Every structure is written in C-alpha cells, then in structure tokens.
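Undergrad: Chain by chain, the residues run as shown.
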Amino acid sequence: MGIIKAINLAFEYIRRDEEGNVEGILRAVDGVNLDIEQGDFIAILGHNGSGKSTLAKHFNALLHPTEGSVWVEGKDTADAASVWDIRQTAGMVFQNPDNQIIGQVVEEDVGFGPENLSVPTEQIWERVEESLKAVGMYKFRKHSPNKLSGGQKQRVSIAGVIAMHPRCIILDEPTAMLDPNGRKEVIRAVRALNQAEGITVILITHYMEEVVYADKVYVMDDGKVVMQGEPRTIFSQVEELRRLRLDVPQVTELAYELKKSGLPLPDGILTIDELVEELKKLKCSGTGVDYVIDS
Amino acid sequence: MLRDITLGQYYQTESVIHRLDPRVKLVATICYILSLFLVDSVWGYLAAGLFLAVMIRLSHVPFKFMVKGMKAIILLLALTVAFNLFLTPGEPLVSVWKLTITKEGVRVAVMMAVRLTFLIIGSSVMTLTTTPNNLTDGMEKLMKPLRKIRVPVHEIAMMMSIALRFIPILLEETDKIMKAQIARGADFESGSILKKARALVPLLVPLFISAFRRANDLAMAMEARCYRGGDNRTKMKPLIYQRRDRLAYIVLALYLVGCFVIG
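Residue numbers (my numbering), protein chains in the order written: chain A, 1 to 295; chain B, 1 to 263.
If we strip away everything but chain A, and leave its shape as in the complex, we get (with noise of 0.2 Å):
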C-alpha cells in the first residue's frame, strides 16, 4: 500500500438555505480509487471545477469524504485521532501565497509549523535554516514576507511545509498566481526536493508544462478520474485531452500537428529537445522533411 491511498472516495457540498434545508448537492469528487507510492511526483490535472482542489483538500484531512475513505501512511483520514499526525506527514501548500504565510518574518513563518508540533526551539531553528536552504529562501530569512515576489513568497510557504518534516507534500495550483519566471523557480524548487530528499509530490495544476516530468498523471473531469498514466501516454492523446478541455504542451501540439500533416514522429513528445532530436534523426534518413518542404 501506498502512502496516500483513495478508495471510491466521494465528496458533496450541500448548499443549504436560511431555514437549513437543503437546496442543492454538488458531487465535487466522484468515486475516485488513487494509490500513490512513496517517492513519486504525481500531478493531478483539471480544467476548473473538475474537483481536483477538493480531492487535495482530503489527503490532509481538511475535508472528510462523504463516501469512501481516504488512507495516508495507513491512517484513516476520518479518523479524528490522527488528524495532526495526517497534516504533519502530508502537508499542504495552497494558491494564495498571502492567504498562508504567518509570520511577519520569513523565518518565524517557516517557524510555525514545527511550533504547532512542539518541537524544541534549538531543533526549530535547525529547521528553519534546512527548509530555507533547501528551496533556496535562507539570505531572505529576516525579510518581510510583503517585500517578496509571489515566487519567492510560494517557495517560502513550500519551506514552511518542510520544516515539519512530512513525507508528502500536496501543492493546491501553487503557481496559479505567479508570473512565468515565478512559476519556474517554484516548480524548480519542488522538483529538487523530490529527487533530493525523495518526498511525495501532489501537484495539482492546469499548466500542463509543469506535468512533463511528473511520473504519473491523473485528469480529472467532473469529479472523476478520466485518464491516467505516464505523461507521454496521457499528452499523446491530444484529441480527448482538448475535448476534456485541457491544453497540451506546446510542443507537444506542435509534434502532434506535425504528425497529422505526414510526418512521421512518435507520439507524446514532450520537451523541445526531444522533437529537436526526432527532426533532426528524419532529416538524416531523409524521410518526410521533403514531403514538409514540398507542401
């Protein structure tokens, strides 16, 4: 079993009027089964509404299922009695990086987590200095939070989850807010921690550029898992990826459209070196690149 594991986990919102009856239920997550193995990075895709944030909002037990269960490290996340031990293996770092950050100073910020979880101060400051090191935050230590840019505002948040030590950590659009050079350096500094010190990545995203190297992807539509499996697999499915209303990486597309035009490149490519080197193997053995040329 895995660390984070989903079983026919379902979630409504109830809407209700003033009297408290009911005057709507929304499905937000239908039956989802997800299995998650320590030491992945998985990325969670959906246009807006698909139900993905809520489904994020389960592995850290802010949000209980209505059916199903949902089982970090072996915990029920129903469980009242290990809440604090779910939130503290699988922390969350959410979409506003205003809306999280605490402290009126970067490293009390990075402070909070481990105060809340008693540990000793020496031990905290040893913390905050790793954490801040290791998303490449510590010069800016005794910065005000409100003089930072939102990149560097997110990668502190992201400290602040490290220094409570989880084994996972679940990012809910962390770069919906950023800028292109934002987005780089968080994703930059997620990824590092992923292949350093081997914790779980959950990133939840609509940027499809931030999924290629994820090593397994789920979308989600309409509060169910639609597609699954390995980034190339799922991006060489441009057509029912567009019909999920989801956009492909542009170079991707770009391959793709190529391919629809004749020639002849495999599917699902994903990073511009890799299509360089596709163009340039057809250029050598002569195929197609006349046939491109021609039309």
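There's no promise every hint is true.
Claimed, not checked - Distance condition first, Cα-Cα at most 25 Å in a straight line; then the derived BS3-like pairs of lysine-lysine:
1) A:216 to A:57
2) B:237 to A:139
3) A:133 to B:237
4) A:147 to B:237
5) A:260 to A:57
6) B:141 to A:142
Derived by calculation from the structure, the hints in this document are not laboratory data.
This structure is a prediction, so every number in the text was calculated from the model and none was measured.
Once you have looked at the hints, place chain B on chain A.
TA: What follows is chain B alone, placed relative to chain A:
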C-alpha cells in the same frame, strides 16, 4: 505609496534598550506612566525628566523621532492646557474679558503639559525600540496568569500579530480597488465630508469580502500546518530574562523608590 507604511514606529538600530526583553519595557513603561501621576512636586518631575532623558540617550534613537509622536496629540495638549489655565478657580493673576488666569491654573496647566509630554515620549521610547512582533510576544507572556480566569491570552496575541501582518496587504488591496474604481469614474476627492464618506461604501464592500476570503484561506492554511491553539506550542524565539533585564528591573525599582521619596 501605501506600500511604504511602516507599522508601529520601530526604529532599527543597536542599543541596550533595543536588546531588552519586551516584558521589561512594557512593565517599565506602565510603571513610568504611573509614576508621572504619583509625583506632585517640581523635584519629582525633574527626576522623571532625567530618567526619560537617560533612556532616550541609551536608546540611540534620534530625539526628533520621539517628538514625532507629539504631533498627534498637540491639539489635545493645547486643549488641556487651555482648560486648566482658564477654568481652575483660585487667586486671579491676569484677567482678560471674561477669562481669568489663576495662579493655581498656571500650576496645574504646566503640570498637565509636562505629564502628557513625558507620557507620550515615554511610550514612544518603548514602541520605537521594540518590534510589534516582540511587543505582542511580551504581552502574551506577561498576561499569561490571566489565563486562569479564562482570558484567551494566546488567542488575543495571535489575533494582534495576524492583524499586523495583514494591515499592509489590505492597504495595498484598498489602493488597488480604489484605482480600479477611479478608472471607472468614481470620485473620492471632491464634495463634502458626507459625500466623501458615502463614496467609500463601494470601496469597503469589496474590501470586506476579500478580507473574509483571506481569513478563511488563512484559517485553513493554519490548520493544515497543525495549528491547534496555544497549548503545547513551543516557541522559536522564547522570551528568557537575561542579566541585563534583571539589572533593568533594579534600575526601574530604584527610580520608583526615588519618585516616592522625592514626592
């Protein structure tokens, strides 16, 4: 422009006063204010003035920053002096039209002016040398005994520090909303006070909504980081009394005794 606002009025520099435990400074400020209302002679005021002058000198904060705090209360000061000057009954000194200045009036007016000035400058010494964060920490620890009578001390301190963290963010947001509305023809500048106040309503509504949303997000983020109130929490920067803090308490005690003796 709103981004530049500094909160509290902390003045960053190195000094003994800066390094003191915030609890010492809080207690000292309270005692000092009390002493101002206890003394009742010229010598007492001189002692208070001397004590204040030494503290200012030790704090390495330029004197003009201390006086800045006075600007806010200049009107209050003028009114107090005027009322005391003219309305204290006693032996008449000068009489102009219906107003009479009495000898007692002059005495009380001067005393009140000195008291208020010392009070404001005295508390400025504290706020200028202590970061708002440190101050809330100090208050939390000082008020800890109140928990026995169910005062939610930790919660109050947490609320204060979160408020301090969000004030700049909300100010920035106000600025943004204001600009967005000005761009669509809103007018915040002209008209009477009433009209200006009414123009602020469409500004406050979105601001409140966003503040609630932020509060919701923050609460969730705090829970996700295992926050469950003040019990069993350790401190990253615990307040521990050092030798200099004990010394400071002794100095304070000596000052208080001195004040009592002089009167």
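Undergrad: All hints, please: hold or fail.
TA: Now for the hints, and whether the structure bears them out:
Only pairs whose Cα atoms come within 25 Å are accepted, and residue 216 of chain A paired with residue 57 of chain A is accepted, the gap being roughly 19 Å. Under the criterion of a C-alpha separation no larger than 25 Å, the hint pairing residue 237 of chain B with residue 139 of chain A is consistent with the structure, at around 19 Å. Using a Cα cut-off of 25 Å, the hinted pair residue 133 of chain A and residue 237 of chain B holds, with the two alpha carbons roughly 20 Å apart. With a CA separation close to 22 Å, the supplied pair residue 147 of chain A and residue 237 of chain B stays within the 25 Å bound.
With a CA separation close to 40 Å, the supplied pair residue 260 of chain A and residue 57 of chain A exceeds the 25 Å bound. Note on residue 141 of chain B and residue 142 of chain A: the hinted pairing holds, with a Cα-Cα distance of about 23 Å set against a maximum of 25 Å.
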